[in-house]
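A.B. asks: The residues making up each chain are set out below.
2 protein chains.
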Amino acid sequence: MTSGTELLDAIRRAGADLDVPCGGKGTCGKCVVRVAGGEVDSNSLGALSGASVADGYVLACQTRVLDVEVVVEVPQSSADERGKFSDTDETHLLRRELLPRDFEYDPLATKWLVNVAAPQLGDGLSDLDRLTRAIQQDWGKIQTTYPLAVIRTVADVVREAGGLVTVTLVREPGQMHIVRVEPGDTTTRHLGIAVDIGTTTVAVQLIDLCHGNVMATRTAYNGQIGCGLDVISRINYARRPERLEELRTRVLETINRLIRQVCASHDVDPCELCNAVLSGNTTMSHLLLGLKPEYIRLDPYVPTVGQFPYLRARETGIEIAPDSWIYLSPCVGSYVGGDITAGILCTDLATDTDEVNLFVDIGTNGELVVGNRDFLMTCACSAGPAFEGGGIDCGMRAAVGAIEKVQVDPKTGMPRCSTIGEVKPRGVCGSGMIGLLADLYLTGWIDSGGRLDRSRPCPAICIDGKRARYVLAEAQESGTGQEIAVSETDIDNILRAKAAIYSACALMIRHLEMEFTDLAHMYIAGGFGRFLDLEKAIVIGLIPDIPREKFRYIGNSSLMGSYMVAISQDYCRRQTELAQRMTCIELSSEAAYMDQYTAALFLPHTDRELFPSVHPARAHRHVGQGGHVAVQP
Amino acid sequence: MTSGTELLDAIRRAGADLDVPCGGKGTCGKCVVRVAGGEVDSNSLGALSGASVADGYVLACQTRVLDVEVVVEVPQSSADERGKFSDTDETHLLRRELLPRDFEYDPLATKWLVNVAAPQLGDGLSDLDRLTRAIQQDWGKIQTTYPLAVIRTVADVVREAGGLVTVTLVREPGQMHIVRVEPGDTTTRHLGIAVDIGTTTVAVQLIDLCHGNVMATRTAYNGQIGCGLDVISRINYARRPERLEELRTRVLETINRLIRQVCASHDVDPCELCNAVLSGNTTMSHLLLGLKPEYIRLDPYVPTVGQFPYLRARETGIEIAPDSWIYLSPCVGSYVGGDITAGILCTDLATDTDEVNLFVDIGTNGELVVGNRDFLMTCACSAGPAFEGGGIDCGMRAAVGAIEKVQVDPKTGMPRCSTIGEVKPRGVCGSGMIGLLADLYLTGWIDSGGRLDRSRPCPAICIDGKRARYVLAEAQESGTGQEIAVSETDIDNILRAKAAIYSACALMIRHLEMEFTDLAHMYIAGGFGRFLDLEKAIVIGLIPDIPREKFRYIGNSSLMGSYMVAISQDYCRRQTELAQRMTCIELSSEAAYMDQYTAALFLPHTDRELFPSVHPARAHRHVGQGGHVAVQP
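These protein sequence lines are chains A and B, in that order.
Mapped onto the working numbering, the consecutive letters of the first sequence carry residue numbers 1 to 633.
Mapped onto the working numbering, the consecutive letters of the second sequence carry residue numbers 1 to 633.
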C-alpha cells in the first residue's frame with residue numbers, strides 16, 4: 001500500500017468487497033473494518049464509539065494508510081449485505097398493452113439494401129463513392145459519414161455479392177451515418193437494444209428491429225450499488241478521477257453482462273446489435289460516459305450535458321457493434337433525466353392534448369412531470385431506494401422469490417404471502433411492502449405513525465427492546481435460510497419514501513392552482529413490482545385518493561420509452577421536443593415543501609380528509625392511549 | 001514455428017530483419033537464407049541456381065515451414081542493405097520562396113476565444129449548451145460536434161477561468177467539430193503538422209498555426225521499405241491481413257517518430273498538435289488507414305477511397321491530440337494520389353489561368369498533371385526509387401553526407417564531388433546521380449547507352465569482368481569506410497527512371513496535340529535533391545530541351561501542398577475541386593507508350609533532334625567502334 005492511500009481504495013484494490021451506501025462520506029458506517037496491524041490515520045470517532053475505535057475499528061472511507069503494510073479484518077456482515085443484490089434471470093415484464101398503437105415504425109438504425117455499381121476505370125469513382133451514390137439514390141444528397149472500421153470492409157463488401165450491399169444507417173439532422181456494411185441481403189435480421197439505467201436496477205431489452213418485437217429482457221442491480229445507494233452518494237464517491245472511472249466501469253459491466261444475457265437467450269452475437277437506446281437519470285447518464293457529476297449536486301445544479309451528442313459504441317465501452325449509435329435520452333436538468341424524457345413517451349403528455357396529465361416515476365429518485373400541449377413542468381424528490389428493495393433489511397427487486405403480495409389476518413395479525421414464481425420467499429419487493437403496510441394499517445396492527453401494535457399477542461410481531469419487527473417468513477420457510485422480516489426502521493424508510501413522492505405531487509398540483517381531481521390521468525411508473533395495487537398505494541398515502549379510473553400504472557416506463565425511441569424516429573424527435581419544452585422546478589427551494597413532507601409522513605396522511613376512502617380498523621389507534629375502540633365495519 | 005507458416009514471417013517474428021524489395025513475390029532474390037536444419041517446402045528453384053538450392057539456400061518468401069523447429073542462417077549482406085536507409089536529422093529545405101503570396105491565412109484547425117455564460121438554474125442550459133451558444137454567437141447556428149473525450153473536460157474548463165475558454169475547432173461543410181477546449185486564452189500557441197508520405201521517404205513538418213511559420217522539418221525513410229521498394233511490391237506484400245497491419249504499423253512508426261523529433265526540437269508535447277494534413281500516393285494513403293490496397297493494382301484499378309472522410313487522430317494511430325482532425329489529401333485514382341493533389345497547389349494549375357502548365361512529380365512513381373482552368377489530365381508511370389537513392393548501391397536521400405554535385409574532369413575522367421553539409425561522402429543522392437551522368441556523358445566517359453569507357457585508362461573506372469563501375473570516393477575518403485561507386489547497373493536504373501518520366505511527359509503532350517514549347521511552365525517536384533541542375537537534367541534527357549525560364553523546380557511539393565492546406569481553408573477547398581476536375585489517363589493502355597519509353601532509354605534520347613542543345617564530347621562515342629574522334633569545342 002502506498003502511504004496516504006484511502007483505506008477503502010486499498011481494501012478494494014486488494015480484492016475485498018466493501019459497500020459504501022453513503023458514497024464514502026463516513027455517514028452510513030457500513031465500511032467499518034478492524035485494523036489488526038500497521039499504522040493508519042483515521043477520522044472515525046463520532047461515527048464509531050470510543051470503545052470501538054479503541055478496539056481498532058475504523059471506517060475505511062475515513063482512514064488513510066500510513067504504513068507500507070496494514071492488516072485489516074473485513075467483517076463478514078459487510079460482504080453479506082451484497083447477498084440481497086444478487087441477480088436472477090427473470091423476465092422483467094413490460095406493460096406491452098400500453099404501447100401506443102398509432103406510432104410510425106421507423107427505427108433509429110435502418111437496414112437498407114442497395115445495388116452498388118461495378119468498379120469502372122473511366123468514371124473516377126472509388127468504392128466509397130459508388131456506395132455513397134447508391135445510398136443517395138434512395139435517400140437524396142444527404143451528407144454521409146463512414147467510420148474508418150467500416151471503410152476497411154468496403155472494398156470486399158461491394159465486390160462480394162455482385163454489388164448487392166446491406167447498409168445499416170442512422171440519421172441525424174443534416175447527415176447520415178453508416179454504421180455497418182454487409183455483402184448481400186441481410187435485411188431480415190436486424191437487432192438493437194433498449195436499456196434503462198436505474199440508480200438501483202439496470203434493465204436491458206433485446207429488440208428485433210425488423211418487426212419491433214421485444215425478444216428478451218434481463219434486469220440486474222446496478223454494479224455501482226456498492227459505491228452508494230443513491231445518486232448523491234455516487235456523486236460523492238466519484239469525487240476522485242479514478243473513482244469516477246470505477247463507477248463508469250461498474251455500470252458498464254452490468255450493462256454488458258445483461259447484453260450478453262439477452263443475446264445468449266436468442267443465440268445472437270452482441271456485435272450484431274446495431275443500435276442502443278439508453279435512458280437513465282442525469283447522474284447515471286453522466287457516470288456512464290465518465291463525465292464528472294460533481295456540479296449536478298452543487299448550486300446552481302447544472303449538468304455538463306443535457307442533449308447528448310452522437311456517440312459510437314466503441315467510445316462508450318458498450319459492447320455491441322463498435323460503430324453503432326449509442327443514443328442517450330436527453331436530460332432536462334440535474335434531477336430530471338433521460339429516464340423521465342423516455343418515460344413520458346408512454347403517456348398522454350407526449351400527445352397533443354389540452355387535458356392536464358401527471359406522470360410520476362417512483363424510483364430511487366421520484367420525478368414528476370405535469371402538463372399538456374401548452375406547458376410541461378417537472379420536479380424531482382429523493383425517495384430513496386426503499387421501493388426497489390434498497391435500504392430495507394429484507395428488501396429485494398421484483399424478481400423470483402420476492403414477496404409481492406401480503407394479506408394480514410385482521411384477528412391473528414398473521415401474514416399470508418405470495419411470491420413471484422411461487423417459490424420460497426427470499427425477500428420483499430416494493431409492491432409487497434406497500435401491500436403489507438396497507439393491510440397492517442387497515443387491520444390495526446400498525447398505527448398511522450407506522451408503529452407495530454405491542455399490546456396484542458401476535459407471533460409475527462417480535463419485540464426487541466424498543467424496536468419491533470414483523471416476521472413474514474421464519475428462517476425455515478425462507479428461501480435464504482434466514483428470517484424474512486420488516487422492521488420499524490424499514491417501515492420508516494417506506495414512510496419517508498411515500499411522503500417524498502406524495503408531497504411533491506401535492507405541491508406541483510398546488511403550484512398550478514389545481515386539485516388532483518382536475519387531472520385527466522395520473523401515470524405511475526416505477527420498478528417496485530410487476531403490478532401496483534392502487535387501493536393499497538392509496539391506503540398508505542403514496543398516491544392521492546381520486547377516482548381509480550384516472551390511474552395508469554405503466555411499470556418501467558424508462559425502458560419502454562427507450563424501446564419506443566429505438567423503433568421510431570418520430571418518438572425520438574418527440575422526445576427531444578418534450579425535453580426542450582420542460583421547465584424544472586426546484587422543490588427544495590419551495591418553503592412549503594418541508595411542511596407538506598412532514599404532514600405526509602403518516603398513514604395515509606396527517607390530513608385524513610385528503611383520503612376519504614381509507615378506513616382503518618380503529619382497534620388500536622394509538623398504542624399507549626389505552627382503551628379499545630370498536631372496529632368499524 | 002507453426003507448420004505451414006511462411007519462412008519470411010517466421011524469421012521476422014524471430015526478430016531478424018530481412019528486406020523484400022519485391023514485396024515477397026520471389027523476384028528480387030533479396031530474402032535468400034540458408035536452411036541449416038529442419039524441413040521446409042520451398043519453391044526457390046529458378047530464382048536460385050540448382051547448386052544454391054542443393055546447398056540449402058532458399059528464398060524465405062517462397063518457402064513454408066514444415067517442422068516445429070527450423071534453423072536458418074540469415075546472411076549478413078541482407079541486413080547490411082538497411083544501412084543505406086539510416087536516418088539523419090537534417091532539415092529538409094523547402095523552396096519557401098515558392099509559397100503563394102496571395103493565399104488567405106485561415107488554418108483548417110482554428111483556435112477561438114469564447115466567453116461562456118455562468119451556469120444558471122433557471123435557463124435549463126447545460127455546460128455544453130452554454131459553450132455551444134458562445135461558439136454560435138461568433139460562428140452562426142452551425143451544427144457542432146464534440147468527441148466524448150472533449151466533453152469529459154468541459155465541466156471544469158467552462159468554470160476554471162471565469163468562463164473564458166479557448167476552443168479549437170475545425171469546419172466541414174454543414175458542421176463544426178470541436179477538437180479541444182482549454183481554460184483561459186491559449187490562442188497564442190497553436191500548432192499542427194504537415195506530412196508527406198512518400199513510398200521511399202516520409203517528411204514531417206511542424207507548423208506554427210498562429211503565424212503560418214514552419215518551425216521544423218524532419219525526414220526519414222518510410223519504415224515499409226523493408227517490405228518492398230515500390231507500391232506494387234507493397235501491395236503484393238499486403239495480401240494477407242496481418243501483413244497489411246504490419247505495413248500500417250511500420251509507416252505509423254515512421255510518422256510518429258518524426259512527429260516526436262520535430263516536437264522535441266521545439267519542446268512541444270505532441271498532444272498539443274491540433275491538426276495533421278497528410279499527403280501520399282493512393283497506396284500509401286490506403287496502407288496508412290489499413291485499407292486493403294489489392295484492388296489498386298487489379299483491373300479496373302479502382303481504389304477504395306478517393307476523398308477521405310473526417311478522421312480523428314485516435315482512430316488512425318497518429319500520435320497527436322487524440323481528437324484532432326487527420327486530413328488526408330484526396331486521391332484521384334489508383335496511381336494519382338494525395339501527393340499530386342497537394343503538389344499542384346504549388347503551381348499555376350491551381351490558379352484560374354488559360355495557359356497550359358505541366359506538373360511532374362518525380363518520386364518512386366512519376367506522376368504528371370497537365371491542364372489549365374478548362375481541363376486537367378493526369379497520368380502516372382513507374383520510375384522506381386532510383387532518384388531517391390533506392391535500388392542504387394550507394395544511393396541515399398538528399399541528407400547530410402550525400403554527394404549532390406559531381407564534376408568530371410574531361411581529360412582524366414576523375415570526379416570532384418560536393419556533399420550536403422560538406423562532410424565526408426556517405427552516398428549519392430538523386431541530384432548527384434543526374435550531375436554525374438550528365439558530366440560523364442558530356443565528357444565522353446560514358447556513351448549514350450550508359451556504358452563506361454573501357455578504352456582509356458582512368459583510375460575512377462574499375463572493370464570487373466563484364467561490368468564496370470565508377471568510383472566517386474575510395475573507402476578511406478568515405479564517411480562510411482566503404483568505397484562509394486556507381487555501377488553500370490545503377491546507371492541503367494537511372495536511365496530507366498528518366499525514360500519512364502520523359503516518355504510519359506511526351507505522350508501526354510502528344511495526347512493534347514501540343515509541343516513542349518507550348519507549355520507556359522513545367523513544374524518539377526521530387527525528392528532527389530535540394531536543387532535540380534536543369535541543364536544536367538536536360539543532358540540526361542529527364543526533362544525536355546525547352547527554354548530554361550519555363551522550368552520551375554518546386555522540391556517536395558507534396559509536403560508544401562500539405563502545409564498550404566493546413567494553413568488555408570481556401571487551399572483545402574481548391575484541392576478538393578482540383579481532384580474532382582482531374583481526368584486519369586492509363587498510360588499502360590496506350591500502345592505508343594512502350595515505343596516512347598524504349599526510345600528514351602538513351603542519353604539524352606534516341607532522337608537527338610529533340611535535344612538540340614546537348615553536345616556531348618564525341619571522343620569515344622561507341623566503345624568498340626574503334627578510333628578516336630576529335631573533341632568538339
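Hints listed in this document are in silico derivations from the structure and should not be mistaken for laboratory results.
Each hint should be verified, as a subset may be incorrect.
If chains are identical, the list can't say which one is meant, so a pair holds when it fits in one copy or spans any two.
In the DSBU-like style, the derived pairs of lysine-lysine whose C-alpha atoms are separated by at most 30 angstroms in a straight line are [unchecked claim]: (1) Lys411 - Lys111; (2) Lys141 - Lys292; (3) Lys141 - Lys411; (4) Lys292 - Lys411; (5) Lys424 - Lys30; (6) Lys30 - Lys466; (7) Lys550 - Lys141; (8) Lys292 - Lys111; (9) Lys25 - Lys550; (10) Lys111 - Lys424; (11) Lys30 - Lys550; (12) Lys25 - Lys292; (13) Lys466 - Lys405; (14) Lys405 - Lys292; (15) Lys111 - Lys30; (16) Lys466 - Lys550.
A.B. asks: Let me make sure I understand: some of the numbered hints might not hold for this structure. Which ones are they, in numerical order?
C.D. replies: Hint check: 1, 3, 4, 7, 9, 10, 11, 14, 15 and 16 fail, others pass.
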